[in-house]
Amino acid sequence: MKWLLLLGLVALSECLIYKVPLVKKKSLRRNLIQHGLLADYLKTHKLNPASKYLKEAASFTATETLENYLDMEYFGTIGIGTPAQEFTVIFDTGSSNLWVPSVYCSSLACYNHNLFNPEDSSTFEATSETVSIAYGTGSMTGILGYDTVQVGGISDTNQIFGLSETEPGSFLYYAPFDGILGLAYPSISASGATPVFDNLWDQGLVSQDLFSVYLSSDDESGSVVMFGGIDSSYYSGSLNWVPLSSETYWQITVDSVTLNGEAIACSATCQAIVDTGTSLLAGPTTAISSIQNYIGASENSDGDMVVSCSAASELPNIIFTINGVQYPLPSSAYILESDDECISGFQGMDLPTSSGDLWILGDVFIRQYFTVFDRANNQVGLASAA
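At position 169 of the sequence shown (counting the first as 1) the number is 169 in the working numbering, and the numbers step up by one without a gap.
Hints should not be assumed to be uniformly reliable.
Said to hold, decoys possible - What follows is a list of derived Cβ distance ranges for each label pair:
(1) 311 to 70: 18 to 26 Å
(2) 303 to 218: 18 to 26 Å
(3) 299 to 378: 34 to 42 Å
(4) 240 to 84: 35 to 43 Å
(5) 122 to 301: 49 to 57 Å
(6) 108 to 376: 39 to 47 Å
(7) 308 to 285: 22 to 30 Å
What the hints contain is simulated information worked out from the structure, not anything from laboratory work. Note that the Cβ used here is the ideal one computed from N, Cα and C, for glycine as well.
Generate the whole structure from the sequences, applying the supplied hints.
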């Protein structure tokens with residue numbers, strides 16, 4: 001399936017077996033004290049007694065601009081080391097590790113991507129630890145090291161990351177990005193490596209224990225991931241908060257999937273993960289087959305499910321009801337145009353868990369709904385994208 005980029009779902013079996021420990025997060029005050037910033041912060045905010053009510057108050061944010069690549073992938077540029085070596089990475093809420101190709105890599109995928117060279121960084125610290133990560137598409141093995149990571153205009157010091165030694169197969173060879181920066185929970189991080197966002201928070205570099213994502217449509221610019229903040233200019237209406245059902249991936253409960261008032265899938269609730277690293281909207285093969293039938297999609301010679309372009313604009317909304325709130329997906333969201341064909345944005349994929357097969361609300365969904373990933377309260381916020 002040429003449209004599907006599936007990066008998440010690392011070590012799925014492990015997260016089903018073990019309970020996820022609750023991690024007590026440091027307060028903003030404690031982070032500021034540990035980094036010698038409390039006095040400056042208080043001095044700044046004492047100028048206005050009402051500052052805590054203002055949007056700008058306590059606003060330590062890092063905004064990373066993302067490139068929209070054909071509405072299939074969204075990636076940004078980070079720097080690793082001193083001086084910084086630049087890499088393009090997918091900001092992936094379906095995995096938890098940061099890794100980039102390295103000079104130790106012998107795979108073909110490393111011959112046409114940027115490579116990290118530890119010898120060129122004065123701040124690199126080696127370890128003897130190894131890391132192995134398998135994604136829905138592609139995999140890597142390598143070693144772990146520590147260095148300074150430049151992301152969103154701030155310096156994330158002492159960040160553990162993977163240096164690839166192998167990147168098997170063809171997927172990563174053809175990928176327009178170098179590596180992956182995972183934004184899911186530490187509980188699914190390969191080799192127990194601390195994720196980038198956790199390190200940002202622990203160092204007091206962001207003032208809110210959350211990040212938000214806006215993905216542009218139609219190959220347009222403007223996509224961002226904002227660490228530590230929410231920008232209301234990226235959405236309309238109000239945010240609706242959805243509690244997580246698992247603190248591994250960003251997993252939530254979906255009430256139902258309906259079309260013209262009729263339940264066509266997930267009639268008795270189902271589990272879904274909100275995943276920026278998956279291009280399409282994936283679900284159990286039986287349920288997705290039902291949706292494809294309803295929208296009149298049929299398989300072409302490339303294995304894509306296509307519909308008549310002349311009829312595409314007349315297709316009905318498919319509505320995901322989540323925590324009692326309806327989130328319609330119009331045909332303009334779930335029908336993707338490519339090479340004069342209109343391709344369904346739904347993909348069948350069976351991902352069994354103890355609570356049933358998982359759905360993946362990938363970029364097809366996130367383009368329609370600005371998303372806040374709230375680690376402090378273990379919830380996701382959704383609002384119509386502006």
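Hints, verified against the model:
The supplied range of 18 to 26 Å is met by residue 311 and residue 70, whose beta-carbon atoms lie about 23 Å from each other. Checked against the hint of 18 to 26 Å, the pair residue 303 and residue 218 passes, with Cβ atoms roughly 24 Å apart. Hint check: residue 299 to residue 378, Cβ distance near 40 Å, so the stated range 34 to 42 Å holds. Taken as a hint, the range 35 to 43 Å holds for the pair residue 240 and residue 84, whose Cβ atoms sit roughly 38 Å apart.
At about 54 Å, the CB distance of residue 122 to residue 301 agrees with the hint of 49 to 57 Å. Look at residue 108 against residue 376: about 42 Å separates their beta carbons, and that is inside 39 to 47 Å. The supplied range of 22 to 30 Å is met by residue 308 and residue 285, whose beta-carbon atoms lie about 23 Å from each other.
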